Structures are given as structure tokens and as C-alpha cells.
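Q: Here is what each chain is made of, one letter per residue.
There are 4 protein chains.
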Amino acid sequence: MIKVGIVGGSGYTGVELLRLLSRHPEVQLTAITSRGDAGTRVDEMFPSLRGVVDLAFTAPDQSNLNGCDVVFFATPHGVAMSHAASLLASGVRIIDLAADFRLKDTAEFEKWYKMPHSCPEILAEAVYGLAEINREAIKKARVIGLPGCYPTSVQLGFAPLLKQGKPLVNEAGLIADCKSGVSGAGRRASVGSLFAESSDNFHAYGVKGHRHLPEIVQGLKAITGNTREIGLTFVPHLTPMIRGIHSTLYATIVPGCESIDYQKLYEDFYQDDPFVDVMPAGAHPETRSVRSSNYLRIAVHRPMDGNILVILVVEDNLVKGAAGQGVQCMNLMFGFEETMGLKVVPVLP
Amino acid sequence: MIKVGIVGGSGYTGVELLRLLSRHPEVQLTAITSRGDAGTRVDEMFPSLRGVVDLAFTAPDQSNLNGCDVVFFATPHGVAMSHAASLLASGVRIIDLAADFRLKDTAEFEKWYKMPHSCPEILAEAVYGLAEINREAIKKARVIGLPGCYPTSVQLGFAPLLKQGKPLVNEAGLIADCKSGVSGAGRRASVGSLFAESSDNFHAYGVKGHRHLPEIVQGLKAITGNTREIGLTFVPHLTPMIRGIHSTLYATIVPGCESIDYQKLYEDFYQDDPFVDVMPAGAHPETRSVRSSNYLRIAVHRPMDGNILVILVVEDNLVKGAAGQGVQCMNLMFGFEETMGLKVVPVLP
Amino acid sequence: MIKVGIVGGSGYTGVELLRLLSRHPEVQLTAITSRGDAGTRVDEMFPSLRGVVDLAFTAPDQSNLNGCDVVFFATPHGVAMSHAASLLASGVRIIDLAADFRLKDTAEFEKWYKMPHSCPEILAEAVYGLAEINREAIKKARVIGLPGCYPTSVQLGFAPLLKQGKPLVNEAGLIADCKSGVSGAGRRASVGSLFAESSDNFHAYGVKGHRHLPEIVQGLKAITGNTREIGLTFVPHLTPMIRGIHSTLYATIVPGCESIDYQKLYEDFYQDDPFVDVMPAGAHPETRSVRSSNYLRIAVHRPMDGNILVILVVEDNLVKGAAGQGVQCMNLMFGFEETMGLKVVPVLP
Amino acid sequence: MIKVGIVGGSGYTGVELLRLLSRHPEVQLTAITSRGDAGTRVDEMFPSLRGVVDLAFTAPDQSNLNGCDVVFFATPHGVAMSHAASLLASGVRIIDLAADFRLKDTAEFEKWYKMPHSCPEILAEAVYGLAEINREAIKKARVIGLPGCYPTSVQLGFAPLLKQGKPLVNEAGLIADCKSGVSGAGRRASVGSLFAESSDNFHAYGVKGHRHLPEIVQGLKAITGNTREIGLTFVPHLTPMIRGIHSTLYATIVPGCESIDYQKLYEDFYQDDPFVDVMPAGAHPETRSVRSSNYLRIAVHRPMDGNILVILVVEDNLVKGAAGQGVQCMNLMFGFEETMGLKVVPVLP
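Protein chains in written order, with our numbering: chain A, 1 to 349; chain B, 1 to 349; chain C, 1 to 349; chain D, 1 to 349.
It is worth saying that the hints were derived from the structure and are not from the lab.
Some clues are possibly wrong.
What the hints assert, rightly or not - Selected chain B positions facing chain D (in silico; Cβ < 8 Å):
hint	residue
1	Val-182
2	Arg-187
3	Ala-189
4	Ser-190
5	Val-191
6	Leu-194
7	Ala-196
8	Ser-198
9	Ser-199
10	Asp-200
11	Pro-240
12	Leu-265
13	Thr-339
To be verified - Derived PhoX-like pairs: lysine-lysine, alpha-carbon spacing no greater than 20 Å straight-line:
hint	chain 1	residue 1	chain 2	residue 2
14	D	Lys-104	A	Lys-264
15	C	Lys-104	C	Lys-140
16	B	Lys-208	C	Lys-264
17	B	Lys-264	B	Lys-166
Only a predicted model underlies this, so the values are computations on that prediction, with no experimental measurement involved.
Just so it is clear, CB atoms sit at the ideal spot from N, CA and C, and this is done for glycine as well.
Using the sequences and the hints given, assemble the complete structure.
A: What follows is the structure, encoded as C-alpha cells:
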């Protein structure tokens, strides 16, 4: 049994952590902070948790976070790094769902997030929490920077192609056409996320440049063992659903690699990963097939048997793209079974 | 560990039974039948169950249903009654999610469902599976007729007012204005349930008369101990959401009963029911607060402190209104804890 | 050709006014104000108006509103009354889509809107803009207080029953169970109106008391010729659609009035009203059947031939419930054909 | 005033033709056929047309189609070609919204549509109804094969790049990642289009090969003047909205063409087309910005100033992608103004 704290429990990743952690057999929820909602009972804000979570939000500085074994940060960018040194000094491990510990290059961080990085030395030791790629490092980590929702799907979708001794596809011309549900924008009041704005509507955004682009490129490059450069065109879109990301990935097979069995390549690559499901050839995974669960499903296509690979990837952005992935990392860090507390069956329909 | 069969596993209540039963610690899923889909793997039709349910659909007559301890019927009306005698003879208990064992009066059944009732003697012993009202009878039942989705919410919403020695409200003038998500229409292809028909749209249906009306009236009358007549106006509506029922109930307080504390009346009535949550005074329960769970939440209002009570009730029509309620009954019938396998936290957002 | 100004053009009723007025053959759009967005081109905020509206938002005090023939206020409550005296002095007529000129009793206004009424003398002359009830008065009005979206549907739904020399129904026990799309909450950022909050969800709100309640009661009473008192229970609900209101109205027939042909009563009552459509007996009107149009459809039911009348009413809350009704009033005020510019065919699907 | 017939008026493109043609000043609706619904009033099936269309569906052979000036076919594939010879012999012009007159190569038609082509000689004279590309030919045509919904957006999105003397982009490696609302699947009952299946869900389909692929390739090749081959990867997706297509197009600039001003190229190309709107640089068009209208909006992006062009295209699949484009062609064929009857302002929100 470990003591777990959550900083910033009033957003969507916060309530999702609560849903998962409240049923985790080795977790004792100890503190849930929210600066704006201190004093409010958690189940008053989220009646779905009535009878499940018997705590109130507390102010961060009134909460005994230092007494926890691990603290999750489900906060805006910049919060985790301000608490990190103190928590580490108390022996508390950190899992940040925001971007503070994702980009290894502080200049890149500052360019995209418009704030200085306050603890580059902690950033240096932080592990990128993509379990399928970094499992062993995560087990020993004190600080986890959890991947963003888009980056999770794009990296796991391309990984089997890139984690090879030589390029199988044109790595300078990768394309990721990604579609996200509206919960990805968080639980902040904003006109663009209103029901009457985003329902019965579809559009791209951030085509000029999106914060997840440098993170994905960093991750894909790391998957090549940092031996090769990556060129990626990343176009995110908003789709009128609550949860779910569907990434459609395009890669051009390089001459000489046409005869590879890519279906088998993917199946072999992920055979030991409990949350990645390579679907049968010809499948079209649906986002709802992973709704509310930590699974990510992949289908490998090669239209008209040509030289373009089309990889379809679905995940629940709030689970495998955020809270669930965090619990998966926590399990690895504390020696629990990787799937503990995460065997929720997807809710369909 | 009991052996469980499901007849008609390819609809929404079927997949929902699979979601719940596959994680139930005392259940071994033994057979899942579907006449039209025999031979198809369950997880091919419902990829959400990949890695969860390792069975294929079988034809009903090829399935060893007689070897089960209990069989669920998630079938069209009329199927369960054709199998009931044979199963009972083999010692198999029956939980029917359709209407075969709901209406005690076969003439009423035949009027509303346009088919003769083929086993009135079994109907006579069947127990109406509303655990909060019939818990003790369910424990001993061999055959359960599970309540419909609307009837569950309306009966549990009115029950505390009616289960009284004398009328507290005008029982001849009850009104139930109910709103259901589209999954209530089932997984059959029909124009009216198409996305392009039912999205961004709202309408009433069946105002002239709906099959759930006689069931609700029978149930409400039973709650009075069959001592008083009930007059109910029931108006169902279709609302563009997948799951969920919201029933708004209206009752007029009779003279002399104005000073009763109705909030307390409801709280006391349901204090020992694990799945009924009487919310604090003034609350407006949301359907999503019970999404994917077996909970039903109730709020009691008395606008402007007048003599009209407004009772708000929410449930997930596929869980408390169908599959979950079935599992709840099964737990009672086999001596398991009533909540076993049903502690799923609602998925929000 | 008249000169028209719009104050507060950046909300949903504003863009809807622009959609309708831009195609009105007798209207010249002269000024569109928005305090927060002055300088922004209208079609930059609403690309749907590219090529349609060639204006930029201006600051209210920089706009020549006094040179208009009529000014619409699509603003928060309290704005119109602060401009009214000055505009009237310049001979400009006023159509207010907010609540400033709805409630005749300033004490009621102040109780529900939490602000003093600044021009009771103008309020006294203002006409309530429900054309089907007040057509002649509207033709001569200088100031129109347009009905709210819910009040429009509830009043027109009950009117044929109430505009009678003696009560046909129990006027002390009327019930209006109303369901609105999310655009009714306006284009303001608020957590409750986020897609991820209001999609796949349904709930009531304001059961304790809603601002539209006193307005409806005032209107219903006026329909009786202010000869009788009205008792109304009003329960609004939020439903996951963009546009549309569906009101389900309940009234109990009083003894002696059972033999009236209510279908005919309604058809006769509205036979000369171009925007009110009494549907054939047995119909269930859908909100989408009026989407984007100024029509309001009504169906009259009497379930099981009992003594409860169930009246179903649908409208587009942004058109007949707001902007369209405003244009309808404008047409009457300036002697245009009542339907001018309003013959938009509903968009279905 | 011309006489217009519609064959197959009971689907979504049918009701959309009715919405547009009923308000067209030069059109007299003469016959609306529907084999299955003969005798039913049009406004009984589509109450949105009450007071707008005063006709009943008739059986095709009972309808005086030969007396029309033009007949629209809003039917399944194969119907138009069975009527074409007879109608042409009577001097009736034909606009087919299905695929009978799209693919010039009958072998391709038979491969993708699984039926023989019954009138290749009429096919030979048929004109592909993409007004922006074939305006002059349409003016003189007797038979129009209207483009499919996806093909309209993809061809108009790529046209300015391809209608050039030499390749500007790698024409062998074009990618079209397209997202469609559910109305694209038509008004036929099918499980996959149910609300409970397609709401809150997203998935690709037909990745292996889709009927619109050969049509798009034929069209793109024609745009090059049939001088160059086209290689296209086309991935359609289903998105939970009623109407709208968003196509995200990718093309790689060939060496030597990096300095072209692509924004200007697009603006110049479409400067005389009333329904194509090239948006300002940096824009992200939304599908709702064209909802219910015949407009198609395009935005040109070049992320990170690299060599990949990303073209965003939105249209209403039922209007510019079907019925509206048909009316546009009709206007050209009969010498009316191209925009007549099509100046509907998009409905937003």
C-alpha cells in the first residue's frame, strides 16, 4: 500500500486519476489539492465519485504532499517543476502529466511553453514515461515526464518502423494526421470548447506549429537510438467527441524494404506489451473500442499494396494518453504488476 | 464459481453483460449465443472485448445452456419464454432482460406485445427483478423478469412516496416525463436511430401509449401493496446521447401531508440500498454521473415550496436499467455480495 | 429600406440576427457593435458570414446608432435599458432580446435579475414581442421586450387553452417540462457548457426557480386577460444538442370540458399565424423540423383519452426563441410582410 | 420557369434538393418519386417541409418525368442509367447524384460498383459536374455525372497545384486524409450509422480501397490535362457530426518550386468562382462555416516553411458535395445565374 497525492485534482486528468486510483488495490489516496476549490468535497464537484472518494480538495501548501510515496501533477505546465526539488528531497517520487519534464532541451521548452525551466538538473534525470519504450528506466525513475496525448499515439504508431538498425521508411517525410476529442482541451472555460462551438463541427488547428511537435520529434529520434534525424508533419484536428484520439500515420517505404511483412513486424514488436493491441490485418480500429481503458490499438495498412504505409492508432486521450499511462508508470516504479488497477474493460457503446 | 450463459449476446445489453460478467470474480462465462452470428468471435464483433472475452458466438441449440447455473436472455421479447421450461427442468435459473416475465396479467402482455404468452405457469412464479423492492423474493427465485429501463427509474423514483400506509400524493395524477439515450432502441438497424436522424434533435414518442406504461403501473400499484389504484401519464422522449435515462417525476402532495420532510423520507427509504443514491437537497443529478455504472441517483425538489414534488432520477439505461440490474439479481440469487462485480466507477467525462 | 443596428453582435443571437437580416430585402445593416471586439471584422469572428456581411464590429459609443431606424439589443440584461431613452429621443425604435423590457413589475425584475430597473417609464410603454398574442400592439410599439426562448414555447403552447372565457384546464396546476439545446446558454465561456461536460449528458437545472418562470406566469395570466391566476411548475433541462427547445406541457382538463375537440381548438386558434404549425393529431414534432427557421410546431395529445392534455411544442431557440421573433416584430413595426426575410426552410438533417 | 423532377426523393440528398429547389425562383417542382413511399406526402416524411412542398411521392413509372425540363437522380447507383435513354429521347436533361456517369472507363465502373454499365454511349457524352473545372462543358451538357462528396473536396483542393504546365508537387505521392459526417452514408438503416455506434467515436474505413479513389484520380489527372499520372493515397474517416467534410491534403513541393507564393496561387485560381472561398493565410476552416450552404472553403498551409503543403478544405457534403452542386450545374445548363437559389447563409452555430 502506497500513499498517493494528486496536485490539481479538479481537471479531467485529475478526475480520471481518481477513477483509476480509487480502485487500485495498492493505493491509498492521501491528498488531492486544488488551489481554487480547497474545502470543496471531491464528490461534490464530481458526483460520479460519490461513495468512491471520501476526501475534500485541499490547498497545496496545506497538504502533506511530502508524506506521500508518489505525487501526480495534473496541473498546468510549470507547476510540477516548482514543487519538484522539495518533494524529491523528502523522498517523494513525481509523475507529471504536464510538459515540465518532457522536452530534454530547455531552449525548446522555453520556446514552446513561454516560460523558463526552473530545474534543469531535475529535468536531466527525468524519464519520459512511455512504458513500451522506456520500461526499464521508468522502474528506477524518481521523476516521470508523462508523454502528451498525441505524442503517445504517434510514437507508439511509428516505433516499430523506426526502432531498426536502418531506415525502413522515409524518416524525413513522416506525416501524422491526428484527431482528438474535445476533452483534450481540458476542463477550462473557453469559447472554442463550448458544446455549441465544437459539436457538429470539425477543424484542424495549430497547423503552423503545435507544442506536441518537438516532443514527438524528440521521441521518434530517441526511438532510432538518436542515430537519425526525423522530419514530421503533424496536423491535429478537433472532432466532436468527448474522449479519444485517432492518429492516421503515413510513411513511405524506402526502396529495398517493400517485401517486409509489416503486419508481423508490428505484432512481434508489441508481443509483450499488455496495453498495445496490434489488430488483425485489414482492421479499422475505433476510438470507442478503448474508451475509458488504458489500451491502445494499432492497425497496419498498405493501400493498393503500394509503397505508402498507413498506420491507424486509437487511444483514450485521458487514459493511455494521460492518467492511465501515469498509473502504468507508477506500477512499474513501485514493483506492482504493470496492469494493476488498469484492467477496466472499455465501455462500448 | 458459477457457469453463466447469455442468449442473444450481440446487442447492447449483451455486450454490457459481457463487460460486467467478464470481470466478475465468481462467474465463468460458458456460452454466448447469437443465431445470426454463430461462429463469429465475440471480440471480432466487439473489439472492446479483445483480450477480455475469448469465446465465439454459438447457435442457441448448439450451446450447452442446460449445463449452466444461470442463463441471461438479452433477446427480443418472446425468446426467453420459449426456452424457460426446458432450462428450469435442468435446474438452470433464468434472468430475462426482455418483457416475457414482467407483466403478471397475460392479457396485458398479449395486448402490448402482440404475441400469446406461452408459459403462464412459469410467469406466475417469476419474480420482478427490482432488487430494492423485491430483494428477498429475488434471493429465492428461479425466474427473474428484469424491469425495463424506464420502469426502473420511475418506480424507484416514486417508491418512497407510495410505499406508505396512506397516500401522501395524488396517486391518480402522477406524471413521468422521461428522456432516454438512443442505445435504448437497441442495436438494430432502423432509420429513426441513425446518427443523422437522432443527433442534434429531440422529440417525444409513444405519447398515445408505450409498452412500459402497464409495467410501471403494475409496479407502482404493487409498491402500495396492491391496495390502491395508480393513474400515470408517461411521456418518453429520445435525447441525443448514447446512454442514460433522466426521469422527471411530478406528484401533487395531498392536503395534510405538506409538512413531511420528503428529503428525509427518501434518504431513510434507501439507506440500505447500495446502488440508490439520494443526493443532497437542491441537487440536479446528471446522467453522466452514473455512466457505465449500476448506480441510480435521485434528487427531491419542491419548487417554490408549493405542493408539487419534482423528483429527478438518473440511471444508465444499459446498466441499472438492464445488464447491471441483472447481475445484481444474480448476486442475490447465488448468495454473493450484492455489489460483487458492480463496483465500476462511473466514467466522467 | 430601413437602417438597422445591432448592439452586441458577437453572441449567438447576434450572429443569428446577422444571418437573417443580411438577406432581408428591406434592411440595410448599418452598425454592429461589440465592446470587446471593436475593430474585428464580423466575418473574421464568424467565417460563415464571409461574402455576406462586410462590416467590422464597432464600439457602441463610436457607432451612429441614433441614425438607425431600429436597434436590436443582443446583449446581457441591463444594457438595453441604459440606451433606451437616448435612442427613443432620436426616434429610433428598440427591440431588446434580453430581459430589460419583459417583466412589467420592476420589483419582480429586480428580484430575479439582481439589478435596479433604470427606466420604468419606458418599461411601461414597452410591448411584449409575442406576435401571435400581441400583433396589433407590436405594430405600434416603439420598444419591444422580446420573449425568452422558453417563455415563447410555453406561452404559445398553453395559449389556446387559456385564452378562453372560462378555464378549460386546472390553471393552478400547469406543468412545463422543457428541454433546451446548449446554445441557449450563450457564447460565453463557462465550464457547464463545455462540450466535454454537456455532450452525452442530460440534467435539469434551476428547479428551485428560474428567471423565465415569472415571465411565463405573467404572460399566461395576460393571455387569460389578466382575469385568472396561474400556477405553473417549470422545470428546464439541458440536452446535448446545439439548437432547439422541446417543451412538454401538462394540463388537467376540468370537469365539463372533456368533450371539447382540443385538436380543432388549436388549429382554429392558430389558423392565421404564419409561423405556428399545429401538426396533425398523433404527431410527435422533432426539434430538427424547425432547425434554423422561425417556425414553431405544436402537437396536441390526450393519452389514453384521459383528462390530462399533453402539448408538445418545438422551436429553434435562436430563431423563434430569439432573433427570428425579433425580425418578425420588426416586420410588423415597419409595415413589411410578417414573413419577410424569414422564409428559410428548416435544415434537415 | 423550368419543370424539375426528382427521382428518389426520400434520402438525404433528396430532401436537400427539395430544400433548395423549393425556394429557387425559376423552378417548378413537378414530380418527386420514391418507389417505396409512393402516396406518402413529402411533408409527412419530412415535416421540415410543411408549408413548403405541397406534393406527394409518386411511383417512378406513374410520374410524368418525360414532361420535365430536367430530372435529378438522388438514387442508388444504377438507377439513372436505366432511365437515361428514354429521358434524353424526350428532351429531358439529367443530373445524376449517384455514380452512373462519373467514371469514364466502364471497366473501372464495373470493378468498383459491381454492375455492368448499361449505356456507355450516354456515358461518353456525360459531363462531370464540377463547375469550377468544367463550367463551359456543363452549360452545354445534356447529362451530368455529379462528383461524389469526397471527390469534390479533394479535386478542388488540389486543382490549383495540378492545373499547371509542369508539376509543382510530387504528383505520385499525394495524400488525402478525409473526414466525413455520418449523413454521407445516406438515410438507409444500417448498424454502423446508428447514433449509438457512431456518436462519441471516430474511425477510418475503406483504407484498402474506396469507390471514390478511382473517381478522384480520374479527376486529378483530367485537371493536369491528362498529361501526367497521379498517385493518391486516400483515407476516409467517419466523424460524429451530421454534415460536413474536412479534407486534409498533403503534397510535397518539388525542387525548384519552393519560392512560389502558394497562397496567391490559390487566390488567383479561384477568383471568379462564387462558391470557392480561399481563406486568409493561417486560417483553419471549420465545417460548420459552410453548414447548409454551397460554399467550399480552402486554407493553404506550409508548416515550418518546409516543403510539405497542407491544404485544408471544408464543404457541406449534402450541398456542395451533392444537392447544391447539382443546382449549380442546373443553373449553368439553363442559363440562370450560377448562384441562383444558392445564396443560403451558412447556419452557425
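Q: Would you mind marking each hint as holding or not holding in the structure?
A: Now for the hints, and whether the structure bears them out:
{"no.": "1", "hint": "Val-182", "result": "holds, 4 Å"}
{"no.": "2", "hint": "Arg-187", "result": "holds, 6 Å"}
{"no.": "3", "hint": "Ala-189", "result": "holds, 4 Å"}
{"no.": "4", "hint": "Ser-190", "result": "holds, 5 Å"}
{"no.": "5", "hint": "Val-191", "result": "holds, 5 Å"}
{"no.": "6", "hint": "Leu-194", "result": "holds, 5 Å"}
{"no.": "7", "hint": "Ala-196", "result": "holds, 4 Å"}
{"no.": "8", "hint": "Ser-198", "result": "holds, 5 Å"}
{"no.": "9", "hint": "Ser-199", "result": "holds, 6 Å"}
{"no.": "10", "hint": "Asp-200", "result": "holds, 6 Å"}
{"no.": "11", "hint": "Pro-240", "result": "holds, 7 Å"}
{"no.": "12", "hint": "Leu-265", "result": "violated, 36 Å"}
{"no.": "13", "hint": "Thr-339", "result": "violated, 27 Å"}
{"no.": "14", "hint": "Lys-104(D) <-> Lys-264(A)", "result": "violated, 39 Å"}
{"no.": "15", "hint": "Lys-104(C) <-> Lys-140(C)", "result": "holds, 18 Å"}
{"no.": "16", "hint": "Lys-208(B) <-> Lys-264(C)", "result": "holds, 18 Å"}
{"no.": "17", "hint": "Lys-264(B) <-> Lys-166(B)", "result": "holds, 18 Å"}
Comparing the model with each earlier hint shows violations of hints 12, 13, 14; every other hint is respected.
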